[in-house]
Amino acid sequence: MDLKDRVESASWPECRSSRIVFVDGCFNDSLSDLGAIPSSCAILQRDETAIFSIPPSIIVSSPVQIISLFTQSAISVLRLQILMGSNSHLELVQSIAGEGVAADYMDIMIDEGAHLRVADQIRSSKEAHLLRFMRATLQRNARLSSFSYSEGALMLQRNWRVFLNGEGAEAALKGLDDLSENCQAHTRICVQHCAPSCRSRQHFKKALQDKSRASCEGKICIDSTAHHSDAEQLCENLLLSDEALAVVKPFLNIFADDVSVKHGATFSQPSDDELFYCQSRGISLREAKELWRRGFCRELIDAIEIPSMRERLL
Amino acid sequence: MMLEIRGLHVSIEGIPILQGLTLSLPYGQVHAIMGPNGTGKSTLAKVLAGHPSYRVDEGEIWLKGKSLLGMPPEERSHFGLFMSFQYPVEVAGVSNEQFLRHAMNAHRQAHSLPKLSREAFALLLSQKMERMQIRSEFKDRSVNVGFSGGEKKRNEILQMSLLEPDLAILDETDSGLDIDAMRIIAEGVNDLRSSTRSMLIITHYQRLLDYIRPDQVHVMDKGKIVRSGGPELALILEEKGYEWI
Chain A
14 MDLKDRVESA
24 SWPECRSSRI
34 VFVDGCFNDS
44 LSDLGAIPSS
54 CAILQRDETA
64 IFSIPPSIIV
74 SSPVQIISLF
84 TQSAISVLRL
94 QILMGSNSHL
104 ELVQSIAGEG
114 VAADYMDIMI
124 DEGAHLRVAD
134 QIRSSKEAHL
144 LRFMRATLQR
154 NARLSSFSYS
164 EGALMLQRNW
174 RVFLNGEGAE
184 AALKGLDDLS
194 ENCQAHTRIC
204 VQHCAPSCRS
214 RQHFKKALQD
224 KSRASCEGKI
234 CIDSTAHHSD
244 AEQLCENLLL
254 SDEALAVVKP
264 FLNIFADDVS
274 VKHGATFSQP
284 SDDELFYCQS
294 RGISLREAKE
304 LWRRGFCREL
314 IDAIEIPSMR
324 ERLL
Chain B
2 MMLEIRGLHV
12 SIEGIPILQG
22 LTLSLPYGQV
32 HAIMGPNGTG
42 KSTLAKVLAG
52 HPSYRVDEGE
62 IWLKGKSLLG
72 MPPEERSHFG
82 LFMSFQYPVE
92 VAGVSNEQFL
102 RHAMNAHRQA
112 HSLPKLSREA
122 FALLLSQKME
132 RMQIRSEFKD
142 RSVNVGFSGG
152 EKKRNEILQM
162 SLLEPDLAIL
172 DETDSGLDID
182 AMRIIAEGVN
192 DLRSSTRSML
202 IITHYQRLLD
212 YIRPDQVHVM
222 DKGKIVRSGG
232 PELALILEEK
242 GYEWI
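Protein sequence lines correspond, in order, to chains A and B.
Its first residue numbered 14, the first sequence is counted upward by one per residue in our numbering.
Its first residue numbered 2, the second sequence is counted upward by one per residue in our numbering.
Heads up, some of the hints might be wrong.
To be verified - Derived SDA-like pairs: lysine to any residue, alpha-carbon spacing no greater than 20 Å straight-line:
| hint | chain 1 | residue 1 | chain 2 | residue 2 |
| --- | --- | --- | --- | --- |
| 1 | A | Lys-302 | B | Pro-53 |
| 2 | B | Lys-153 | B | Ile-185 |
| 3 | A | Lys-302 | B | Ser-54 |
| 4 | B | Lys-65 | B | Pro-27 |
| 5 | A | Lys-302 | B | Ser-143 |
| 6 | B | Lys-116 | A | Arg-299 |
| 7 | A | Lys-302 | B | Val-95 |
| 8 | A | Lys-302 | B | His-52 |
| 9 | B | Lys-116 | B | Gln-128 |
| 10 | B | Lys-140 | A | Leu-327 |
| 11 | B | Lys-116 | A | Glu-300 |
Honestly, the hints are just simulated from the structure, not real lab data.
Just so you know, these numbers come straight off a predicted model, no measurement behind them.
Build the full structure now, drawing on both the sequences and the hints.
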């Protein structure tokens with residue numbers, strides 16, 4: 014498949030005229046389509062870093078898709094900086110498809126009152142190594158809502174750091190890993206509450222089949238000045254084979270009074286009775302586990318804002 | 002005979018439950034199985050449906066002349082056996098419509114029939130739901146999640162009406178139901194009575210049998226049938242209790 018075909022197959026219909034394409038870490042103008050992106054928004058390439066900036070009070074009404082293609086078998090890197098001016102709004106959809114070893118760094122600065130929604134879908138070959146780093150800094154009353162979906166890779170590592178620097182900032186981080194064969198997905202998150210009255214939510218689900226592996230290391234840090242912080246973290250794991258492995262490590266570092274912080278982890282397998290119920294209706298054991306997996310993933314998929322992405326995953 | 006059980010011995014984790022149960026159920030008949038708690042009534046239902054936790058140590062089970070032993074649960078279902086659960090399972094994230102369509106198409110595939118389209122199935126499901134007085138919004142809700150006891154049991158009978166089994170086993174379908182819910186469920190069950198369909202109704206109480214009149218009543222004790230008789234046997238038990246046996 015040539016690059017143009019790969020871009021077309023990765024494009025969401027909602028983003029046909031708001032598509033930014035990077036090939037092996039570099040912005041590719043000819044494959045991109047910026048028609049629906051306000052002209053005041055800027056896309057610059059500065060050395061190895063691409064910068065996408067949204068000026069204050071600009072509301073980008075169409076979701077913008079970032080398509081990142083890696084074609085080389087050597088290590089490929091994408092560095093992207095997103096600068097959200099005060100009270101701006103943006104919905105970003107990121108599609109990652111690759112082979113070999115690829116890394117992407119996303120540095121997000123969300124100014125006062127700005128809202129950013131990010132959804133990413135990772136569809137890579139099962140032999141790929143993917144490293145994903147995200148750092149997000151939120152000012153007063155800024156909002157970040159993030160959802161990441163993957164089917165895993167030979168090795169997928171996510172490393173997210175979110176700083177709630179301004180009072181009233183909110184971050185909602187969600188992820189769904191639907192793993193099979195020997196795929197792995199490991200997620201490390203740290204949400205730092207640096208200012209009072211900030212709110213954070215982490216919700217991750219991992220469905221593991223065959224010999225897949227997943228881990229979730231979620232840290233919540235509450236600074237001494239971050240009174241009235243409200244933070245929750247939940248990681249749910251569904252194990253569909255005896256050889257699948259899930260590890261959850263929550264960390265809480267709390268240095269302020271009068272905060273609400275919760276964390277939880279679940280590990281489940283469909284019971285004999287639950288599988289038997291499906292089989293008693295004529296559904297085979299394999300299909301029953303598949304129904305269970307889809308049911309488990311449904312909650313987070315239903316919350317995806319992009320209709321065609323949601324439909325594709327259902 | 003629709004169902005023949007001969008000298009059935011069943012255990013679970015080494016503990017014997019059924020101890021030489023023998024039963025014959027002709028085509029087109031409804032038999033009730035009654036008995037005190039712990040006598041193996043639900044075990045019988047689960048063993049017939051093929052629950053993997055139970056071990057058949059001895060005996061035979063024949064459905065329509067074919068041995069059920071060794072047949073996985075889904076094949077028993079394809080072959081015409083349906084069990085209504087005493088405690089229906091919740092399947093979170095899977096809608097009732099999706100689950101039932103999956104089950105129906107699995108049956109159709111087993112009989113080399115083409116799958117029903119979503120539209121055709123939706124129409125069929127609507128008709129059946131209306132008959133069972135189940136509100137249409139339930140088709141989009143996760144299977145049994147948040148359903149009341151009566152709604153779960155009605156959902157079981159809805160499944161039965163869609164899958165049209167030859168042998169239906171109703172395991173304490175009346176437990177936890179109010180009178181109105183019992184009436185609706187009984188109507189659903191009676192709609193499915195025919196000369197080619199048989200039913201085994203497992204119940205503690207005679208009241209359901211006022212609505213679904215059995216051809217025979219069997220009483221179980223200590224893992225086997227100890228007494229059989231006509232429908233009047235249920236009335237005697239209601240009056241005198243199981244100790245009378």
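For each hint, the structure was consulted:
| no. | hint | result |
| --- | --- | --- |
| 1 | A/Lys-302 x B/Pro-53 | 16 Å, holds |
| 2 | B/Lys-153 x B/Ile-185 | 13 Å, holds |
| 3 | A/Lys-302 x B/Ser-54 | 18 Å, holds |
| 4 | B/Lys-65 x B/Pro-27 | 10 Å, holds |
| 5 | A/Lys-302 x B/Ser-143 | 16 Å, holds |
| 6 | B/Lys-116 x A/Arg-299 | 19 Å, holds |
| 7 | A/Lys-302 x B/Val-95 | 12 Å, holds |
| 8 | A/Lys-302 x B/His-52 | 16 Å, holds |
| 9 | B/Lys-116 x B/Gln-128 | 19 Å, holds |
| 10 | B/Lys-140 x A/Leu-327 | 17 Å, holds |
| 11 | B/Lys-116 x A/Glu-300 | 16 Å, holds |
Consistency note: the structure conflicts with none of the earlier hints.
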